[in-house]
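Construct all of the structure, not just a fragment, from the sequences and the given hints.
Residue numbers (the working numbering), protein chains in the order written: chain P, 47 to 429; chain H, 47 to 429.
It is worth saying that the hints were derived from the structure and are not from the lab.
Bear in mind the structure is a predicted one, so any value in this text is a computation, not a measurement.
Misleading hints may appear alongside valid ones.
For identical chains, the list gives no copy identity; a pair is met inside one copy or between any two copies.
Claimed, not checked - Straight-line alpha carbon distances no greater than 27 angstroms define the calculated DSSO-like cross-link-like pairs of lysine-lysine that follow:
1. Lys329 to Lys116
2. Lys145 to Lys160
3. Lys338 to Lys303
4. Lys241 to Lys209
5. Lys145 to Lys164
6. Lys338 to Lys323
7. Lys100 to Lys87
8. Lys329 to Lys160
9. Lys123 to Lys384
There are 2 protein chains.
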Amino acid sequence: MLGPQEAIVIIASPETNADLFWATRFWAPDPIIFVQTGQDKIVLVNPLEFSRAKKEILGARVLSEWNYYKRGNDLLKNEESVTYITIVLHGILEELGVKTLNVQYEHFPYSHGKDLEKLGYTINPVASFLYERSIKTPQEISYIEEISRYTDEAISQAVEILKQAKINSAGFLALDETIVTSELLKQIVTAHLWKYNCLGAHTIISSGIDSYEPHNEGHGPIKAHTPIVMDVFPRSLTNGYFTDTTRTFCKGKANKKLSRMFRAVLDAQQAAIDILKPGLPAKETNVIAVAKLEEAGFQNKMLQGGPQGFIHGLGHGVGVEIHEKPSLNGSTQDILEKNNIVTVEPGLYYPRVGGVRIEDTLVITENGYRSLTNSPKERLEIA
Amino acid sequence: MLGPQEAIVIIASPETNADLFWATRFWAPDPIIFVQTGQDKIVLVNPLEFSRAKKEILGARVLSEWNYYKRGNDLLKNEESVTYITIVLHGILEELGVKTLNVQYEHFPYSHGKDLEKLGYTINPVASFLYERSIKTPQEISYIEEISRYTDEAISQAVEILKQAKINSAGFLALDETIVTSELLKQIVTAHLWKYNCLGAHTIISSGIDSYEPHNEGHGPIKAHTPIVMDVFPRSLTNGYFTDTTRTFCKGKANKKLSRMFRAVLDAQQAAIDILKPGLPAKETNVIAVAKLEEAGFQNKMLQGGPQGFIHGLGHGVGVEIHEKPSLNGSTQDILEKNNIVTVEPGLYYPRVGGVRIEDTLVITENGYRSLTNSPKERLEIA
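See below:
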């Protein structure tokens, strides 16, 4: 795929750049340089990281930035005013005979691009990068399956609290004298995950009208007779992989609208899951989910005063990034492939009721799919 | 500072871009757009985040991406082939009369820069951005002081285990039959931090020659009579602030070289801390630390077979990013200012001995400094 004078180049910290983490499996807070040609993968690091990178990075040659900084400087003879990073890159690219850099469309820095152009290189921003990331290996599937199991366990601990809680006279949930809050439930969920070195950052446990906003993390007392949305998407800090699970419950009786929303979302999710298989245009999953929601009387569109109904995409790939390829939404061109790992997460949101969302993480198999999420999802109400 | 046709522009997720998080205090996984002119601060978000952003973002106007996408498209009349984000930006920049964009040197994407140039804008990459970030408010100081206290507590829990442990016949630490490992101590430290919603990602507790590598997180049994380096740099997921603390211990007797290294590092740290005050060129702290280490017989240079001695910079600013301005190293041009928060962390590293590092986080005050770290640091050996 890469021509003889072409290379993929990434300059970033692997902690904030998923492609780079995926390519190196190296946790480092400061920027490193990654160069991939048709024949070779190279990582350049500073002397502080050199011996660690040598041991931890497999499948790529680890070289010292300083050596290539010297080489780059010799080549330039201080004629051009460019930055340290650009000089290092010039040192290595010249050795490799590279003239064209394929860079991450959304991330490659403008300043480095301009500097490299000054030195005669061509910069080619590429939208979908390291495409193989979306096809998971058995090892990657087992990582995501493992963290999905911890997530199931963590959610069941929060559900246990909802079961034990009583509804007090203010309409809040209480355990004896303790009010059950979003914060308490999030602490229970994330503390369980943390036992396995899994980080549940920004876990959502929202109730009442907070749940109308899909990314509202939830605050204060959990309210009875309203949706309680738990969206748990931890990352293993051991291997770097995520999973993504959402469940919706209601403590006590749910009103008619909420019950209808729940049923519609559950049915829409199942309909979309049922058609998952290799070769399927991913947008078909969105089409069928929308059709099911409409069939149940829920229009998928913007209403007055803000978005209402099914206001986000149906799902997304999951891996070393929480949102990655393939996309499952109305406008995607992605085609599902064997060993993609994707979420299916329809939802309905109304400002006076709140939100309902149900989400599983699934792997696409030879003939269909296999769910990595096993938390019970069929019952809205908790007595 | 910003001219009439100039703006600061950031396009990123606030979760991976510290300037943007600092400017908005908004946790969001997907990219948002930030525009600051001389008069105005504006954040553009997608409809999914709109109502939450309206409530959570203070001190900036929150606008809908979609409205400006429509406006941008009307202006362009589909004549130019540019991306969604660029069209949104064109919509808002045209309204504001902006012609020049000051962008983050290390982060602003090349592809967006090129698209904006096509539309007639000037892109100006700026190295030091949102400079005010390095001068902390009383609120920011209290956030960092609070997390520093949790960090002191967490370290004292790990030290307690070291005290209780016995040295077994293999030279490892044990509590009854349980071998004390790096993993166990990291779990104790990070679980304590997590109680306060503070994330101790990549906490380092290394022993033996692992500690030669400053970023080696540590694995396996803790070894007696060797350096045990604990480097704890948690982030509050409530307010986004970090702190940074390192301590070095040795269970049982330390050999002579290790004892000398420890004493030299402790003295070098104190000497550098003693001169902290507003107006000081930050590199002076590095000069005095190096002088103290050399006085004690430890040369600060690369030796054969890899870097040895004092192989990293003396310290760095701390805030919503773990490494931020000002820099305290041999080449920095930064000048200390009142209400900077900085670390001072000299270290010595030898491949056959391991490493010693001692680090405090301190705030620069009117006349000097105040330490936010209170963990005891004066004794190397734990009986």
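These are the hints, each one checked on the structure:
1. Lys329 to Lys116: between (51 angstroms within a copy, 24 angstroms between copies)
2. Lys145 to Lys160: Classified as both; 14 angstroms inside a copy, 19 angstroms across copies.
3. Lys338 to Lys303: within (16 angstroms within a copy, 73 angstroms between copies)
4. Lys241 to Lys209: Both. Shortest intra-copy (24 angstroms) and inter-copy (24 angstroms) distances satisfy the 27 angstroms Cα cut-off.
5. Lys145 to Lys164: both (12 angstroms within a copy, 24 angstroms between copies)
6. Lys338 to Lys323: within (19 angstroms within a copy, 66 angstroms between copies)
7. Lys100 to Lys87: within (13 angstroms within a copy, 45 angstroms between copies)
8. Lys329 to Lys160: Neither. Shortest intra-copy (37 angstroms) and inter-copy (31 angstroms) distances fail the 27 angstroms Cα cut-off.
9. Lys123 to Lys384: The answer is neither: 51 angstroms in one copy and 41 angstroms across copies each exceed 27 angstroms.
In summary, the structure is inconsistent with hints 8, 9 from the numbered list given earlier, while agreeing with the others.
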